[in-house]
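Chemist: Build out the structure end to end from the sequences listed, making use of the hints.
2 protein chains.
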Amino acid sequence: MDALLEEVTYDDDGLVAAIAQDAATGDLLMLAYMNKDTLRQTLETGKMTYWSRSRQEEWRKGQSSGNTQTVKEVHLDCDGDALLFKVNQKGGAACHTGHRSCFYREYTGLGSQDGELEDTGEQVFDPAEVYG
Amino acid sequence: MDALLEEVTYDDDGLVAAIAQDAATGDLLMLAYMNKDTLRQTLETGKMTYWSRSRQEEWRKGQSSGNTQTVKEVHLDCDGDALLFKVNQKGGAACHTGHRSCFYREYTGLGSQDGELEDTGEQVFDPAEVYG
Numbered sequence: 135m136d137a138l139l140e141e142v143t144y145d146d147d148g149l150v151a152a153i154a155q156d157a158a159t160g161d162l163l164m165l166a167y168m169n170k171d172t173l174r175q176t177l178e179t180g181k182m183t184y185w186s187r188s189r190q191e192e193w194r195k196g197q198s199s200g201n202t203q204t205v206k207e208v209h210l211d212c213d214g215d216a217l218l219f220k221v222n223q224k225g226g227a228a229c230h231t232g233h234r235s236c237f238y239r240e241y242t243g244l245g246s247q248d249g250e251l252e253d254t255g256e257q258v259f260d261p262a263e264v265y266g
Numbered sequence: 135m136d137a138l139l140e141e142v143t144y145d146d147d148g149l150v151a152a153i154a155q156d157a158a159t160g161d162l163l164m165l166a167y168m169n170k171d172t173l174r175q176t177l178e179t180g181k182m183t184y185w186s187r188s189r190q191e192e193w194r195k196g197q198s199s200g201n202t203q204t205v206k207e208v209h210l211d212c213d214g215d216a217l218l219f220k221v222n223q224k225g226g227a228a229c230h231t232g233h234r235s236c237f238y239r240e241y242t243g244l245g246s247q248d249g250e251l252e253d254t255g256e257q258v259f260d261p262a263e264v265y266g
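Protein chains in written order, with our numbering: chain Y, 135 to 266; chain V, 135 to 266.
Treat the hints with care, as some may be off.
Since the list can't tell identical chains apart, any single copy or any two copies may satisfy a pair.
With a cut-off of at most 20 Å between alpha-carbon atoms, the simulated DMTMM-like pairs for lysine to aspartate or glutamate come out as follows [to be verified]:
| # | residue 1 | residue 2 |
| --- | --- | --- |
| 1 | 220 | 240 |
| 2 | 181 | 248 |
| 3 | 170 | 156 |
| 4 | 206 | 252 |
| 5 | 206 | 253 |
| 6 | 206 | 248 |
| 7 | 220 | 161 |
| 8 | 220 | 250 |
| 9 | 224 | 178 |
| 10 | 206 | 240 |
| 11 | 170 | 248 |
| 12 | 170 | 240 |
| 13 | 206 | 161 |
| 14 | 220 | 156 |
| 15 | 170 | 213 |
| 16 | 224 | 207 |
Please keep in mind that the hints were generated in silico from the structure rather than gathered at the bench.
Computed from a predicted model, the values in this text were never measured in an experiment.
Modeler: Rendered as structure tokens:
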């Protein structure tokens, strides 16, 4: 897997952007970051493993909620600083808010001056029940 | 549009990640970055306008190639540091290499130790003809 690990352009913090897209529906689920070690773990285990910039720790997606992401395809972009993973999302929801996608807020104001952010995403689970 | 501009969490360089997804097919086209000013321009003009980190300048997508991206939807993620734009990609190719998507390199080695990166993306134009 060095062919991939060595071809990635990591930023000054040693991170690369990692996009998760639902392999079945094409829905964008989330954008997070990996370092070389969590990328290696992702490739070895087939389960998405990120680096949490806010907590500064490894983060196996679904370790709290059970909603793991199984990797089906891995793509690297032209300049090597972004990865696209097509995944199977267990439980149907990627977001800690219980939404199917982290991108559940939609801006309604295209072409006007007074748009708002509205929650247009699908709510799959109640985070209070999942995280306690 | 301040509802969106003020809700974004910009990083230490004043940037936010901007994902472009084909509005018709769901294909991931590219990941780049915007600052507050190019995000404002994108919302005002309806044409994707990024901030080039390598050139440190505004970058209206398609200004050289003609392959502009027209915004159809804008979504913000849960922690505010990533935007998803669903776009119409003029000319059918987002990548400066002439590929439909910047994520044209696919890693073939899932589940093994010796994967390679292979070009599996669709080539739409010859960059030598477009950029001269």
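Chemist: Would you pick out the hints that fail for this structure and give their numbers low to high?
Modeler: 3
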